[in-house]
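J.: Here the protein sequences come in this chain order: A and B. Each residue of the first sequence is one higher than the one before, starting from 1 at the first, in our numbering. Each residue of the second sequence is one higher than the one before, starting from 115 at the first, in our numbering.
For the record, the hints were derived by calculation from the structure and aren't laboratory data. Source: prediction; values computed, not measured. Keep in mind that a hint or two might mislead.
Claimed, not checked - For each label pair, taking beta carbons as the anchor points, the in silico distance ranges come out as:
#1 A:90 with B:184: 34 to 40 Å
#2 A:14 with B:511: 21 to 27 Å
#3 A:14 with B:902: 54 to 60 Å
#4 B:147 with A:52: 27 to 33 Å
Glycine included, every Cβ here is placed at the ideal spot set by N, Cα and C.
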Amino acid sequence: MKSRYQNRIELLQGTLDLLILQTLQWGPQHGYGISLAIRNDSGEVLQVEAGSLYPALHRLERKKWIKAEWTVSENNQKVKTYQLTAAGRKQLAAERSNWERLTAAMAGILNPQA
Amino acid sequence: MKFFRWRERKDEELDAEIQQHLDEAVRDRMERGETAEQAQANARREFGNVGLVKEVTREMWGGAWLERLMQDLRFGVRMLLKSPGVTLLIALSLMLGIAANTTIFSIVNALLLAPPPVERPDELWQVWRANLQSSSAMKRYRTLPYPSLQFLREHQQSFQALGAMEIEPQSVTWNHDGAGVAVQCQTVTGNYFELCGVQAARGRTFAPDEDRTSGTHPVALVSYEFWQQKLGARPDVIGQPMTINGAALTIIGVAPPGFTGAIGVVAPELWIPFAMAPTIFREPELLTNHGRHSSVGLGRLKPGVMRAQAEAELDLLMQRLAEAQPNRHENLRIGLQPSLAVPAHARGMIAGFTGILMIAVFFVLLIACANAANLLLARAATRRAEMAVRAALGASRGRLIGQVLTESVLLAGLGGSGGMLLTTWIAPLLVRLMPEEIPMRLTLAMDWRVFTFAALMSLATGLIFGLAPAWRSAQFDLTTLNASGCKASARNSRLSRMLVVAQMAVCLILLIAGALCLRSLMKAQELNLGFQPAGRVLARVDLNDVGYQVAEQQAFYARWLERTAALPGVQSVSLAHRLPLGTGSSSMQISPAERPLLPEENRTTINVFQVAPDYFATMGATLLQGREFNQHDRIGAPLVAILNETAATRWWPGENPIGRRLLINGINGETAEVVGLVSNGKYLSLSEEPTPVIFLNFLQRPAAEFTLVAHVAGDAQATLAAIRQLTKELDPRLALTQMATLHDYLKLALFPMRTSALLLGILGGVALLLAASGLFGVIAYAVAQRTREVGIRLALGAQQGQILRQIISEGMRLAGWGIALGLSGAFALTRLMQSMLFNMSATDPLTFAGIALLLSAVALLACWLPARRAAKVDPMIALRHE
Chain A
1 MKSRYQNRIE
11 LLQGTLDLLI
21 LQTLQWGPQH
31 GYGISLAIRN
41 DSGEVLQVEA
51 GSLYPALHRL
61 ERKKWIKAEW
71 TVSENNQKVK
81 TYQLTAAGRK
91 QLAAERSNWE
101 RLTAAMAGIL
111 NPQA
Chain B
115 MKFFRWRERK
125 DEELDAEIQQ
135 HLDEAVRDRM
145 ERGETAEQAQ
155 ANARREFGNV
165 GLVKEVTREM
175 WGGAWLERLM
185 QDLRFGVRML
195 LKSPGVTLLI
205 ALSLMLGIAA
215 NTTIFSIVNA
225 LLLAPPPVER
235 PDELWQVWRA
245 NLQSSSAMKR
255 YRTLPYPSLQ
265 FLREHQQSFQ
275 ALGAMEIEPQ
285 SVTWNHDGAG
295 VAVQCQTVTG
305 NYFELCGVQA
315 ARGRTFAPDE
325 DRTSGTHPVA
335 LVSYEFWQQK
345 LGARPDVIGQ
355 PMTINGAALT
365 IIGVAPPGFT
375 GAIGVVAPEL
385 WIPFAMAPTI
395 FREPELLTNH
405 GRHSSVGLGR
415 LKPGVMRAQA
425 EAELDLLMQR
435 LAEAQPNRHE
445 NLRIGLQPSL
455 AVPAHARGMI
465 AGFTGILMIA
475 VFFVLLIACA
485 NAANLLLARA
495 ATRRAEMAVR
505 AALGASRGRL
515 IGQVLTESVL
525 LAGLGGSGGM
535 LLTTWIAPLL
545 VRLMPEEIPM
555 RLTLAMDWRV
565 FTFAALMSLA
575 TGLIFGLAPA
585 WRSAQFDLTT
595 LNASGCKASA
605 RNSRLSRMLV
615 VAQMAVCLIL
625 LIAGALCLRS
635 LMKAQELNLG
645 FQPAGRVLAR
655 VDLNDVGYQV
665 AEQQAFYARW
675 LERTAALPGV
685 QSVSLAHRLP
695 LGTGSSSMQI
705 SPAERPLLPE
715 ENRTTINVFQ
725 VAPDYFATMG
735 ATLLQGREFN
745 QHDRIGAPLV
755 AILNETAATR
765 WWPGENPIGR
775 RLLINGINGE
785 TAEVVGLVSN
795 GKYLSLSEEP
805 TPVIFLNFLQ
815 RPAAEFTLVA
825 HVAGDAQATL
835 AAIRQLTKEL
845 DPRLALTQMA
855 TLHDYLKLAL
865 FPMRTSALLL
875 GILGGVALLL
885 AASGLFGVIA
895 YAVAQRTREV
905 GIRLALGAQQ
915 GQILRQIISE
925 GMRLAGWGIA
935 LGLSGAFALT
945 RLMQSMLFNM
955 SATDPLTFAG
965 IALLLSAVAL
975 LACWLPARRA
985 AKVDPMIALR
995 HE
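Based on the provided sequences and hints, a complete structural model is requested.
T.: See the structure below:
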C-alpha cells in the first residue's frame with residue numbers, strides 16, 4: 001500500500017484548481033468523475049484524494065468559477081454535477097498561461113544548454 | 115437563524131455528494147470484479163476519513179468560524195454542566211476576583227474617567243494656574259484669584275466664552291422658617307450654566323448681567339434634589355425668597371436633576387453669582403482680593419483654537435497682569451485641564467490611592483485565575499482520553515485548544531456576570547463608608563466604561579487561566595495513548611505546583627499590605643492626641659448668620675455654656691474657636707518678649723488656638739504647670755497665654771515658662787503672660803512632628819464662629835440632641851453647622867487610613883481563602899493520584915506518621931517557596947504605599963514576619979487535611995485501586 005503512494009507526485013499548491021477547471025472544460029462532471037478523469041488522464045500518476053477534491057470544488061464554487069447542479073442520473077439517483085462558468089473559463093486561461101510560463105522557466109533552469 | 119438553515123441544507127447536500135462518490139466507487143470496483151464487501155471497504159479506505167473530508171470541505175463555505183463557535187459553545191456548556199462542582203467553584207472564585215476589580219474600577223471611573231454632567235464635556239476646559247516645575251501632582255495645579263480670572267475673561271480671544279467657579283461649594287446657613295439649615299453653596303459666574311450647556315428644570319438660569327455689579331442682583335438657583343427634598347417640590351418655588359447667611363435671595367430657577375456642576379463629585383445645593391458672594395460670605399474684598407486663590411476658570415475654545423494656543427495667550431495676559439502687580443504669580447503659568455469629575459489638583463492623590471487598590475484587586479484576580487487554572491488542569495488530565503478520541507476522529511490540535519479555551523471563556527463569562535451583579539451590590543456599601551462631612555456625591559454607576567472593563571477583564575481572565583490547561587489537553591501522542599499518559603501528568607503537576615507557589619506569593623503580598631494598613635491605623639488610634647476623644651461631643655455655630663453684635667455674642671456664649679452644663683450627664687463644658695485636627699487653622703508671629711524677633715522668626719508663624727476657660731479639663735488634656743484660663747481673663751484684662759511643651763522648650767529650654775511674656779505680632783504687638791503649660795498633642799494632622807502651639811483665651815480673642823465641647827458621662831447622642839434643642843430655643847435662626855461626638859469628628863482625619871485598611875484587609879482575606887483552597891486542591895489531587903503508592907508503602911510497613919510527614923512536607927515546600935517569593939515581592943512593592951502609612955516603615959519586619967507565619971499556619975492546615983486522609987488509607991483498598 002505504501003509503495004503505491006510513493007509513486008505519486010505531490011500536487012503543487014493551486015495546481016489542483018487548474019486540473020479541475022481543465023477537466024470540467026470537456027463538460028459537466030461530478031466529483032467522483034473528476035477524480036477518475038484526473039487519474040486516468042495522468043496515467044495513474046496523479047491521484048486526487050477526496051480530502052483535497054471536495055474542499056477544492058466547494059472553494060471554486062464559492063469563487064463562482066464553477067457552478068453545481070443537482071441532476072438525476074440514469075439509474076435514478078440524485079447527482080451533483082459541476083460545470084465551468086464564464087468566469088471559470090477566464091480563470092482557466094489565466095492559470096494555463098501561468099502554468100506554461102512556470103514549466104518553461106523550470107525547463108530553462110533544469111536544461112540550461114537547451 | 116437563516117444562516118443555520120442554509121448550513122443545514124448544505125450539510126445534507128454534502129452528505130449526499132459523498133454518498134454518491136462512494137456509491138460510484140463501489141460500483142466501479144464491483145465491475146472490476148471485487149465482491150460487494152471488498153468494494154465497500156476499499157472504496158471507504160480510498161476515500162479516507164469521511165468526517166475529516168466533511169470538516170475541511172465545510173471550511174470552504176465561509177462563516178465556518180461561527181458554526182465552530184456555536185458547536186464549541188454548545189459542547190462547552192455540556193461539559194461545564196457535567197461537573198457542576200468544579201464549574202461552580204471556578205465561577206465563584208472568578209466572581210469574587212472580577213467583582214473586586216470592577217468595584218475598584220467603578221471608583222476610578224467615577225472619580226477620574228467619567229465626565230461631569232455637562233453638555234459636550236470634552237470641549238469644556240478648566241483654567242488653572244500650573245506650576246510645571248512641581249513634581250507633585252497635588253501642587254502642579256492651583257486655583258486662581260477671582261480678579262485675575264476676571265481680567266482674563268475681559269481680554270482673552272481664544273474662548274467662545276470664559277466663566278469661573280469657586281473650586282468647591284461652601285457651607286452657608288439657610289434660615290428655614292426660623293431654623294438654621296446648613297446648605298452647600300457654589301459661587302459661579304453669570305454664564306456658568308450656559309457654558310455647561312444646561313437649561314433650568316424650572317424658571318431660568320443666571321443672566322450675564324446678574325454678575326456685573328456687586329450685591330445688586332440677589333438671585334440664586336437651587337438643585338433639583340434640594341427642591342424635591344428640602345423645598346417640598348413646591349410648584350411655586352420660582353420667585354420665593356430665601357435667607358442665606360442673613361441675606362435675602364430670590365430663587366430664580368431649579369437646576370436639572372442630577373446636575374452637580376462642572377466638578378461633578380462635589381454636590382452643591384445652591385448656586386449664587388459671584389456678584390453676591392461678598393454679601394453672602396461677608397467678605398467685601400472677595401471680588402478684588404488678589405491674594406484669595408479659590409477660583410477655577412471654565413470655558414469652551416473657539417473652533418480651530420488648540421489647547422496650547424489658548425494657554426499661551428492666557429500666559430501672556432497673566433504676564434501683563436503680573437507686571438502691574440509685582441511679586442505675584444512667579445513661576446506659574448496657565449494650564450488648561452479637561453473637565454473631569456475630580457479637580458485637577460486632587461487627581462494625582464486619588465490616582466495614587468486607587469492605583470494601589472487596583473494593583474491589590476488585580477492580585478486577587480490573579481490568585482483566582484491560578485485556582486481556576488489548577489482545577490482545569492486536574493480536569494484536563496482526566497479528559498485526556500476524551501481528547502485523544504476526538505483527535506483520532508479527525509479534530510485538529512487547534513480545534514481542541516479552541517474548544518477548551520471556549521470552555522474557560524464561558525466559565526469566565528459566568529464569573530464575570532456574577533461579578534458585575536456583585537458589584538452593583540457592593541458599590542453602594544462602599545459609598546456609605548464615606549463620612550458625611552465630605553460633601554461628595556459619588557454615584558458608582560455601572561456605565562458603559564465599567565461594563566466594558568468588566569467584560570474585557572472576564573474575557574482576558576478566561577484566556578489567561580484557560581491557556582495552560584488548553585495547551586496541555588492538546589498535548590498527547592496518539593500512539594502512547596494507552597500508556598495512560600504518565601509523563602504528561604507529571605508535567606501537569608509541575609505546572610500546577612508552580613501556580614500554587616505563585617498564588618502563595620501574591621497572597622502574602624496582599625496580606626502584608628493589608629496588615630501594614632491595619633497596624634498603621636491602630637498606631638494612629640493609640641496615638642497621644644493631647645486630648646481624650648472618648649465621651650466628648652462637639653457642636654459648632656456661626657453667629658455671623660444671625661448678625662449678632664459683640665455684646666450679644668458674649669451673652670450667647672454665656673447662656674449656651676450655662677444651659678449645656680446643666681444638661682444631665684454633662685460634666686464639663688467649654689468653647690474653642692477651632693478644635694485641633696479639623697479643617698483650617700490660624701497662626702501668628704510669636705516670640706519671647708525679652709529679646710527682639712530673630713530673622714528666621716520673621717518668616718515662621720506659630721499655630722494659635724483660641725480656647726475658653728475649662729477647655730483643657732473638658733478635652734481631657736494634661737495641664738503640666740500653671741492654670742487654665744478663667745473668667746477673669748476678659749477683654750481689657752492683661753493678655754494671657756498657655757503653651758505646649760514644644761513651644762516651652764523652644765524658647766525657654768530647661769526653665770519654667772510660667773510668668774514669662776510673649777510678643778504676639780498678630781495682636782498689635784501686644785505681649786501676653788504665660789500662665790500655663792500643657793502636654794503636647796496633634797494639632798493639624800496625625801502625622802505631624804511635635805509642633806509648638808500657643809493657646810489664647812477665647813474670651814479675650816472672641817470670634818463669631820466657634821465650637822462647643824462637652825465632656826459627657828452617658829449617652830452622647832442624647833446630649834447632642836439636647837444641645838440641638840437648647841440651641842434652637844436660644845435662637846431659632848441658628849443652625850448647628852457641625853454636631854458630632856469627638857470620635858466621629860476624628861473619623862475624617864482617619865478616613866483614608868481606615869478605608870485602605872478595610873479594603874486591603876478584605877482583599878487579603880479573600881486572597882487567603884483562595885490561595886489556601888488552591889494549595890488544598892493541589893495536595894488533595896496529588897494524594898488522590900497516589901493512593902496506590904501510599905497503599906503499597908503502608909503494606910510494606912511504612913508508618914502512618916511517615917506518610918503524613920512526607921505529604922505535609924511536600925506541601926509546605928511549595929508554601930515555603932511561595933512565602934519566600936512573596937516576601938521579596940512585598941519588600942519591593944509595599945514601598946509604593948509608604949504615603950498611606952502612618953508612623954511606620956512600609957517594610958516593617960514585625961508585620962512581614964507575622965504575616966509569613968500566619969500564611970504558613972494556614973498552609974499547614976491546607977496540607978494536613980488531605981495528608982491525614984492519605985495516611986488513613988486502607989492498604990487493601992488502595993491496592994485494589996485502578
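J.: Each of the hints needs a verdict: does it hold here or not?
T.: Hint-by-hint comparison with the structure:
The hint said 34 to 40 Å for the Cβ distance between residue 90 (chain A) and residue 184 (chain B), and at roughly 37 Å that hint holds. In this structure, residue 14 (chain A) and residue 511 (chain B) meet the distance hint of 21 to 27 Å, their C-beta atoms being roughly 26 Å apart. For the pair residue 14 (chain A) and residue 902 (chain B), the beta carbons lie near 56 Å from each other, so the given range of 54 to 60 Å is met. Between residue 147 (chain B) and residue 52 (chain A) the beta carbon distance is about 28 Å. The supplied range of 27 to 33 Å therefore holds.
Every hint from the earlier list agrees with this structure, and none is contradicted.
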